[in-house]
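Q: Sequence:
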Amino acid sequence: MKVLLINGSMRGNQSSSLKVAEAFVRGMVSENGEENTEVVKINLREKNIEHCYGCFCCWKLNKGECIIRDDMDEIRKLVLESDVIIESFPLYFFGLPSKMKAFMDRMINFVSEYRAVNGDEATGRFLHEMRYPELMNKKLVLVSACGYEETVDCYDAVIDQFDKICGHDNYTRIFVPQGGMLAEKTFENKIARYMIKFEEAGKEFVKCKKLSKETEEKLSVPMLGHNTFAQAINLNWDEPGVGPYGKVVK
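In our numbering, the protein residues as written are 6 to 255.
Quick caveat, the hints were computed from the structure, so don't treat them as lab data.
Computed from a predicted model, the values in this text were never measured in an experiment.
C-beta atoms are modelled at their ideal positions from N, C-alpha and C, and glycine is treated no differently.
Please note that the accuracy of each hint is not assured.
As the list claims (entries may be wrong) - When the alpha-carbon atoms are kept at most 25 Å apart in a straight line, the in silico BS3-like pairs for lysine-lysine are as follows: (1) Lys7 to Lys208; (2) Lys46 to Lys7; (3) Lys7 to Lys195; (4) Lys52 to Lys106.
Claimed, not checked - Here are the simulated distance ranges between beta carbons: (5) Glu219 to Asn41: 37 to 45 Å; (6) Cys213 to Lys82: 26 to 34 Å; (7) Glu86 to Asn239: 43 to 51 Å; (8) Gln236 to Phe61: 29 to 37 Å; (9) Lys52 to Arg120: 29 to 37 Å; (10) His133 to Phe99: 43 to 51 Å; (11) Asp161 to Lys223: 34 to 42 Å; (12) His56 to Asp158: 26 to 34 Å.
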């Protein structure tokens with residue numbers, strides 16, 4: 006099994022979302038066996054990814070090939086070679102961070118142009134056909150930590166986007182609240198215990214090829230109670246020069 010872990014956080018290896026994703030991957034490797042599992046990690050912040058030009062050359066002229074030569078050539082190849090693709094990213098303004106969004110936009114050549122198919126103008130449907138049928142056999146996992154107390158309503162825009170791209174229930178969601186607290190040394194022991202459930206989820210994913218709805222809901226349960234979280238986040242915001250997510254990583 007080949008796993009591609011795509012880290013879309015501009016914090017790189019300091020990302021709270023990545024902390025969760027790596028725990029999930031540890032569980033996958035534990036269940037599947039190190040000898041049977043290859044894990045490739047990409048930090049998008051280190052990659053040269055141009056924004057999509059919207060030229061549609063990949064649809065109209067080049068039969069799926071983008072005219073832009075940058076690191077997306079390598080990333081697309083890795084996606085096609087992998088069995089499981091894990092997209093790890095923080096929630097920015099209730100959506101994808103810009104680097105991850107640029108990556109997603111550049112994946113548009115994985116589908117064919119939007120056109121009418123299967124009938125005449127009255128009975129036909131309009132859709133994007135999959136350019137690479139083997140993509141249907143791959144598994145996509147979204148892992149994202151947000152700074153809010155709970156995930157309820159926070160990920161509606163993200164879910165709507167991926168439902169349209171992948172189809173409802175055709176991908177796995179791991180959405181985690183209180184992400185900033187996962188970097189707090191004050192809660193080091195609590196964090197270690199909290200990570201165990203993500204490792205267990207990784208094992209379940211290997212065995213079942215998906216997570217149950219019950220597991221997805223369990224993974225979204227906050228680490229801290231309301232009062233503890235309120236005190237911790239206010240204390241961090243009130244501390245000069247440092248926010249609840251630590252110092253800016255340069």
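Q: Taking the hints in turn, state whether each one holds.
A: Structure-based check of all given hints:
1. Lys7 to Lys208: With a Cα-Cα distance of about 15 Å, the restraint between Lys7 and Lys208 holds, given a limit of 25 Å.
2. Lys46 to Lys7: Holds: Lys46 and Lys7 sit about 11 Å apart, inside 25 Å.
3. Lys7 to Lys195: 31 Å, violated
4. Lys52 to Lys106: 13 Å, holds
5. Glu219 to Asn41: 37 to 45 Å: 27 Å, violated
6. Cys213 to Lys82: 26 to 34 Å: Given range 26 to 34 Å: holds, Cβ gap about 28 Å.
7. Glu86 to Asn239: 43 to 51 Å: Since Glu86 and Asn239 have Cβ atoms about 46 Å apart, the given range 43 to 51 Å holds.
8. Gln236 to Phe61: 29 to 37 Å: 52 Å, violated
9. Lys52 to Arg120: 29 to 37 Å: 32 Å, holds
10. His133 to Phe99: 43 to 51 Å: 25 Å, violated
11. Asp161 to Lys223: 34 to 42 Å: Violated: the Cβ-Cβ distance is about 20 Å, outside 34 to 42 Å.
12. His56 to Asp158: 26 to 34 Å: 29 Å, holds
Consistency note: the structure conflicts with the earlier hints numbered 3, 5, 8, 10, 11.
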